[in-house]
Amino acid sequence: MSSSTAPAANDPIDFASYGSDDPRMGHMLIKVANPDALKLLDQLPNPDAAHRRVCIVGFPDDEGVARNGGRIGAAAGPEAALKYIAKVGTIFNPEFDIDLRQSIQAVTTGMAACRKTQSLEQAHEQLKDHVRQVITHGFVPFVIGGGNNQSYPNATGLLATLPASTRVAVINIDAHLDVRPLTPAGQAHSGSPFRQLLQDSAFQTRHGHFCEFAIQGSQCSAAHIQFLRTFPHASTELVWLSDIAGLAAPDGGRPGESEFARAFRARLDTGAKRRGEEGQDGVVFVSFDLDAVRSADAPGVSCASPLGLSAQMALDICYVAGSHPAVKLFDLSEFNPTIEEYRTGRLVAFMFYYFCLGLARRPAKFST
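First residue of the sequence shown? That's 1 in my numbering, and the numbers climb one at a time after it.
Some hints here could point you the wrong way.
Said to hold, decoys possible - Subject to a maximum C-alpha distance of 20 Å in a straight line, what follows is the list of computed PhoX-like cross-link-like pairs (lysine-lysine): (1) LYS365 with LYS273; (2) LYS328 with LYS365; (3) LYS273 with LYS328.
Said to hold, decoys possible - Pairwise CB distance ranges (calculated): (4) GLU95 with GLN122: 26 to 34 Å; (5) PRO47 with SER20: 20 to 28 Å; (6) ALA160 with LEU238: 34 to 42 Å; (7) GLY279 with HIS51: 15 to 23 Å; (8) HIS51 with GLN118: 46 to 54 Å; (9) ASP48 with ARG229: 42 to 50 Å; (10) ALA50 with ARG229: 18 to 26 Å; (11) PRO306 with ASN93: 30 to 38 Å; (12) LEU182 with SER20: 46 to 54 Å; (13) PRO47 with ASN93: 16 to 24 Å; (14) PRO184 with THR136: 32 to 40 Å; (15) LYS116 with GLN280: 27 to 35 Å; (16) GLY186 with SER235: 49 to 57 Å.
The hints are simulated quantities; they were obtained by calculation from the structure and are not laboratory data. Ideal Cβ positions, reconstructed from N, Cα and C, are used throughout, including at glycine.
Between the sequences and the hints, there should be enough to build the whole structure, so can you do that?
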């Protein structure tokens, strides 16, 4: 790789307070955020563990939130998240004996779309293609929004990389269902992505499975519940917050080992075991809306709630998703730094960090 085109570390961030004996994610995160970012992915050295590669993709949009009547500000989420991710660490975690430098490759291709010059519909198409290319290059996209409307183009980007015989499961971690109809003008919004996905023939022909995880009855329409329970073209599962709230997830516990973490891993295993016609394992997309986390831990979201998952539960989910070989796509929506930045931004950074810790433990293939 020539020095003129080589992607560089994330050097614009000031790490003066972190010496060489205290490296953070920003020291190892490879930044290829330029017009040729996707082409440059081909030039990155292929690590020994090629299945342990993650790519942060930003989608700076909140028009979908506005269309759904929510609080705008999530468009600033990806840039704020990258700032906090750069400083999280350490890269070598002595508590869990994981050295990320020796275990994974982490890159960012910056923002997937420029909303200043595009309609939301055009941005969705660009995001879809961006996610498709990142997966094709061998990375697990970790897409940070922006509104939850990003989840449909993210999912279709994944579907575009898969043979028609591959089974696909989607787990939506959310207080809400996000299966609302399109607007009267036929426009997508932050409440519609999973209705769009369920009605997509590319999902249906892959015998799609859809799991709503940590949903709250106070925030879910009975009509939308009925839509999911009676939907004829995909299998669905509803996991209420009350179903899992009593599962142990002690603060500061070892990641992935709690009772709650095992319950979430079981959902991923279910997706992986849905093998295709040629015997290949199923593929899983994990979508995490930050409003699933209680406002005490994540106040900076578009639609906060005093009830929800704890920060520890969120970290367990990210660790387990990172460690599971069936997970080929992860997205994170609704971080709204205009409402609150520091506490929620730190949580987002730790969620990515724990995903990376899990990725460092990921086996090459799923085994029962």
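Structure-based check of each hint:
1. LYS365 with LYS273: The given pair, whose Cα atoms are some 12 Å apart, holds under the 20 Å limit.
2. LYS328 with LYS365: OK: LYS328 and LYS365 at ~12 Å, within 20 Å.
3. LYS273 with LYS328: With a Cα-Cα distance of about 15 Å, the restraint between LYS273 and LYS328 holds, given a limit of 20 Å.
4. GLU95 with GLN122: 26 to 34 Å: 45 Å, violated
5. PRO47 with SER20: 20 to 28 Å: 22 Å, holds
6. ALA160 with LEU238: 34 to 42 Å: 28 Å, violated
7. GLY279 with HIS51: 15 to 23 Å: 19 Å, holds
8. HIS51 with GLN118: 46 to 54 Å: Since the Cβ atoms of HIS51 and GLN118 sit about 33 Å apart, the hinted range of 46 to 54 Å is violated.
9. ASP48 with ARG229: 42 to 50 Å: 46 Å, holds
10. ALA50 with ARG229: 18 to 26 Å: 41 Å, violated
11. PRO306 with ASN93: 30 to 38 Å: 32 Å, holds
12. LEU182 with SER20: 46 to 54 Å: Since the Cβ atoms of LEU182 and SER20 sit about 52 Å apart, the hinted range of 46 to 54 Å holds.
13. PRO47 with ASN93: 16 to 24 Å: With Cβ atoms ~19 Å apart, the hint holds.
14. PRO184 with THR136: 32 to 40 Å: 37 Å, holds
15. LYS116 with GLN280: 27 to 35 Å: 41 Å, violated
16. GLY186 with SER235: 49 to 57 Å: 27 Å, violated
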